[in-house]
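**Student:** Line by line, the protein sequences are chains A and B.
Take 1 as the starting number for the first sequence in this note's numbering and just add one per residue.
Take 1 as the starting number for the second sequence in this note's numbering and just add one per residue.
Incorrect hints may appear among the rest.
With a Cα cut of at most 27 Å, we get these calculated DSS-like pairs of lysine-lysine [to be verified]:
1) K260/A / K329/B
2) K260/A / K205/B
3) K15/B / K56/B
Rough simulated footprint, nothing fancy, chain A against chain B, three-plus residues with beta-carbon under 8 Å [stated by the list, open to error]:
4) 93-106
5) 252-264
6) 273-279
Calculated directly from the structure, the hints in this document are not laboratory data.
Backbone N, C-alpha and C fix where the C-beta goes; we use that ideal spot for every residue, glycine too.
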Amino acid sequence: MSEVLMEVKHLKKYFETPKGMLHAVDDVTFSIGKGKTMGVVGESGCGKSTLGRTLIHLYESTDGQILFQGEDITHVTKHKMHQLREQMQIIFQDPFASLNPRMTVEETIREPLELSGKFKKGQLQEEADRIMEMVGIDERLRYAYPHELDGGRRQRVGIGRALSLNPAFVVCDEPVSALDVSIQAQVLNLLQDLQEKSGVTYMFVTHDLSVVKHISDHICVMYLGQLVETTTSKELFANPLHPYTRALLSAIPSVDIHRKKERIILQGEIVSPIEPKPGCRFAARCPHATDACRQPQQLREIEKDHFVSCCRAEEVWE
Amino acid sequence: MGKSEVPFIEVKNLKVHYTSEGRKIHAVNQVSFSLQKGETLGLVGETGAGKTTIAKSILRILPEPPARIEDGEIFLEGTDLLKLAEDEMRKIRGRKIAMIFQDPMTALNPVMRVGKQIAEGIALHEKVSAREAEEKAKKMLEMVGIPGSRYRDYPHQFSGGMKQRVVIAMALSCSPDLLLADEPTTALDVTIQAQVLDIIKNLQKEFKTSMIMITHDLGIVAEVCDNVAVIYAGQVVEYGSREEIFDNPLHPYTIGLFGSLPDINSDVERLSPIMGMPPDPANLPGGCAFSPRCPYADETCKNTDVKLDAIDGTHSCRCLHWRRTAQMKAETS
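Work out the full structure, taking the sequences as your base and the hints as a guide.
**Tutor:** Next comes the structure, spelled out in structure tokens:
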């Protein structure tokens with residue numbers, strides 16, 4: 001892998017609930033190369049959004065280590081965090097909920113520029129114009145409010161705001177899930193274009209496997225707070241090794257009507273992430289589970305740059 | 001579209017509009033299609049294309065006003081549903097035609113036990129005792145993979161996927177002849193979606209139910225539908241068998257949809273999105289509604305009322321230039 005931008009070691013994020021500790025992110029380790037896109041996939045409640053938010057300190061981690069550009073940022077002062085904010089940004093799923101309804105497009109984009117203190121008054125306007133053009137927002141929408149925009153344009157404003165100070169790292173949390181396919185493609189292309197120009201690193205969180213395959217260099221697959229498999233995008237789709245990844249990939253409806261494929265239909269429901277038992281959390285639904293799966297699982301490098309957290313990965317796919 | 005036999009359901013020139021703040025919103029504009037017994041038709045399109053309005057018109061559950069069915073006929077085995085009196089229509093809803101709604105969280109009554117919600121429909125349509133209705137409701141729950149012992153549970157005690165299965169059990173409880181499935185898996189995770197689609201497919205096989213599957217997901221269409229109608233701005237812009245549409249899409253909008261879609265089985269660097277935004281249904285462009293976004297549109301497209309043109313087989317397309325598109329495709333392949 002090229003130069004590492006973000007590294008996470010044994011990261012944990014637990015939430016206290018009336019029923020006990022909810023293990024949202026449990027012992028997750030991976031790293032993201034500079035200028036690359038790391039996709040994080042999994043189903044609702046697997047902790048993928050929590051992971052993204054913990055990385056950029058929207059949540060404080062419970063345990064583990066976060067290294068950003070080689071520097072330990074697990075625990076930082078408020079002042080330091082203020083500086084880091086410029087470097088680490090997030091694009092949210094629902095641009096309607098994440099934009100201030102009382103701020104116009106221009107005000108929304110200008111706000112981070114003003115807060116940074118990097119621009120003189122005269123430059124602000126120029127810079128805001130540049131960003132609006134960069135994300136494809138028409139000049140005439142400068143004074144429009146979020147409710148006057150459709151979903152695709154709203155998301156462009158969200159992207160413009162996140163990328164306004166040229167951050168090194170951006171968490172994209174389901175940025176296209178709320179959009180129609182034709183608009184979704186426009187936004188995905190925009191994100192790729194911006195990455196090519198600025199070299200920004202993305203962590204792309206989504207439940208849509210077709211999207212994640214399209215946009216990512218590396219992928220992490222999560223299940224109930226645990227990282228079950230991580231490797232390059234190509235390798236993951238060509239050679240999935242964790243039984244959950246296999247089931248997940250086989251479940252995607254494909255538009256290729258001539259390809260016959262075998263579908264793995266899982267039985268049972270996702271178990272609760274509150275005070276989970278040790279061992280593999282997928283075991284309850286896994287067709288290959290044995291007693292060994294009740295022991296805590298280690299993320300192991302089975303093939304080069306291909307990590308799997310399944311003690312039976314080798315024997316099952318013999 | 002079967003020519004010799006009378007279709008099981010036939011929608012003819014359906015036209016529906018909504019009135020909002022004095023503006024007329026044209027939701028469905030002259031939609032026609034038909035369906036044979038046991039077949040599945042996919043209605044594909046983006047938000048606001050009019051898919052759900054079509055389904056609600058068939059079941060006659062549109063809120064009138066603001067909605068109004070302006071024109072058209074909907075024949076179920078030869079009877080025009082739009083001409084039926086309300087009490088006759090009530091006998092058809094749930095019994096002959098049932099609907100699965102998109103969001104299982106809002107389709108269930110939160111303060112009524114799920115079993116009771118299923119039994120309610122059975123008791124209404126079939127001459128059975130309360131106990132028999134309960135027995136049948138339990139059987140329906142088990143058919144969708146939920147233990148009958150959960151009859152007395154409330155909706156909030158189920159996960160999203162299970163709730164959707166309850167909704168499916170409810171829709172199928174009176175063995176309807178036609179099932180309207182409105183984005184039945186959109187709110188679900190993929191592995192749960194696979195389970196639910198599997199259940200729908202098996203039940204359909206067992207009961208020979210016809211189905212109209214409303215979705216924006218072309219992958220789901222590929223998986224469950226025999227025929228496909230692509231809807232844009234309240235019109236069918238392309239119609240055909242699954243093979244005709246997926247192997248040889250001819251309408252620029254259909255082609256655009258495929259280009260916008262990242263596919264798991266292909267490696268493209270960049271997607272080819274459709275330019276622009278869907279039109280405002282209160283202010284539809286003249287001529288072909290897709291022309292402002294269409295890369296091939298010319299002046300004639302903007303001022304001609306484009307008809308659905310038969311191509312071959314069951315394939316038809318609402319585009320003046322489909323011949324040119326077909327030729328271009330033949331040359332590049």
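**Student:** All the hints need checking, so say for each whether the structure fits it.
**Tutor:** Each hint tested on the structure:
no.	hint	result
1	K260/A / K329/B	25 Å, holds
2	K260/A / K205/B	19 Å, holds
3	K15/B / K56/B	13 Å, holds
4	93-106	violated (count 0)
5	252-264	holds (count 9)
6	273-279	holds (count 4)
Of the hints listed earlier, the one the structure fails to meet is number 4.
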